[in-house]
Amino acid sequence: MTRPRALSGHARALLAALLAAGPRWSYGYELASLTGIKSGTLYPLLIRLEGQSYLEAEWQQPVAAGRPPRHAYRLTAAGRRLALAEAAAVDRNVAIAGGRAGEAAS
Amino acid sequence: MRLARLLAVRILSAASRLLPRHLSTWSSAMAHELIAIDDDRAALAFAAGCLRAALSLAIAARVRSAASAVRTLLFPSAPFSWSLPTMNGISARPRLLGLLCGAAAVGIGMAYMQAAGAPSRYLLVNLAALVLGATAWLALGGAARSRLAGSGRATLAMSAALLMTAGFGVAAEGASRWVSVGPLTLQVSLILLPVMIILYARRPDAPGTGGMAVAALALALQPDRAMAGVLAAAMIVVGIENRRRLPILAASVSAAAFGWTLIRPDSLGATAFVDRVLYTAFDVHPLAGAAVAIGAAALVVPAAAGLWKGAGDRSALLAFGACWSAAVAAAALGNCPTPLVGYGGSAVLGYLLSVSLLPGGARRGEAAAFGSSAPRGPGPDDILSELRAAPSA
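Chains as they are written, first to last, in my numbering: chain X, 1 to 106; chain U, 1001 to 1393.
Chain X with its partners taken away, still in its complex shape (with noise of 0.2 angstroms):
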């Protein structure tokens, strides 16, 4: 298994949706409405996560009879660790800024 050398900005956007999204397993829809990602790129993202197994995908059932079934997506242990590490730099960046407008302003 290979960790992508520098993720996008959708992509960050969809590992933090699934990182809070926690086991529960969520749809694609559901995902674009909530990352607002649209779905020429969340497929990409997904199938691209999915290969590199940070990403498990399975049919599920529907609830509502007279639905078909959906493909349900959540993260796997390695995605889950991706996405941690994704969001401890995202912290970081973000403190070294505050770090550096603070100085610049005093």
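The reader is advised that the hints may include incorrect statements.
Computed Cβ-Cβ distance ranges for the label pairs, DEER-style [claimed, not checked]: (1) U:A1042 x X:G9: 21 to 29 angstroms; (2) U:P1183 x X:P69: 53 to 61 angstroms; (3) U:A1128 x X:A16: 25 to 33 angstroms; (4) U:S1065 x X:T76: 37 to 45 angstroms; (5) X:Q60 x U:S1065: 31 to 39 angstroms; (6) X:R48 x U:G1150: 32 to 40 angstroms; (7) U:A1270 x X:R48: 49 to 57 angstroms; (8) U:R1041 x X:T76: 52 to 60 angstroms; (9) X:T76 x U:R1021: 24 to 32 angstroms; (10) U:R1041 x X:G9: 23 to 31 angstroms.
Some chain X residues flagged as far from chain U (calculated, every beta-carbon gap over 10 angstroms) [said to hold, decoys possible]: (11) R12; (12) W25; (13) A87.
Everything labelled a hint here was simulated from the structure, so no lab data went into it.
Glycine included, C-beta positions come from ideal geometry on N, C-alpha and C.
Once you've looked at the hints, dock chain U against the given chain X.
For chain U alone, coordinates are given in the frame of chain X:
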């Protein structure tokens, strides 16, 4: 069903057809997600995004596949037991093999022109045509698999362009075969005729037969002995292969048009780096001559290999082989453009466009990875029926 919802379904069906086979689970995922969206406008936006995703994924898959094939050809350093099956796999894929043969022929031609001191503009034009043709090859991937319902009408429209060229095209020494596009002069028949031939070979219907008859008339009027010969050779092969009334009629009309061009005077002189390249290359160096001859012969390899391997539509492969064999023969016999190895972007475009419509053949990797029971993406009908079954919002 409301218009926006219907449009969304149609768009998603198109996306589903575009996606590579190994991603069929994902096309099902998109389709089922669409059904779960209650708002029609949101569903339409979602479907449009899915189409964009499918397009980018399809292009990426094709680029990866072509790059892998080129790598295998250029660096065959792998063990014999590995590289031979790979080469066998490529030879059973006429579309991919055609792209590689076309690129090789253009490369050989550029090397010859460079060695022979041709203007650098000639090399750039052939290279630009190769890039343009390869892009069309990528974009037309779906057409190679589809049933081409409108191919007859497309053939008819293209034949009208040939007729217009005969009437209003750029004329030289009694022949009217070209159109001016900015600084370039294109030979319309070299671009369109190979495409028309493959489309007709795949689906020899009544509009297509009309198109081939109009094309034969246009070539007789231009007059263009070489391309009339190309058309006649391909139509005779299609007629013999199909043995039905319409293809035999197309073959008869094409043969008559070719006969007419044989009795008309053809006074066009040879143009350096365009005509008689199969001979002049030997003046540069015997190796350059041999390379150019090999490059020209490579043009029919996709048809020969495809027929040998049973790689799909036999009629299209035969027509392709006849078309480009006749074009090379015409270049060897008279003052006719030497396709791909000589200067001329029209032949490069015509070759790659016709290659785009050849059968794709079996994908070894996919077959091995997913087997024949691999889940397929839902077709338009599957999605429509699922939508009808779903409760409306």
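Against which earlier hints does the structure fall short, listed by number upward?
Hints 3, 4 and 8 not satisfied by this model.
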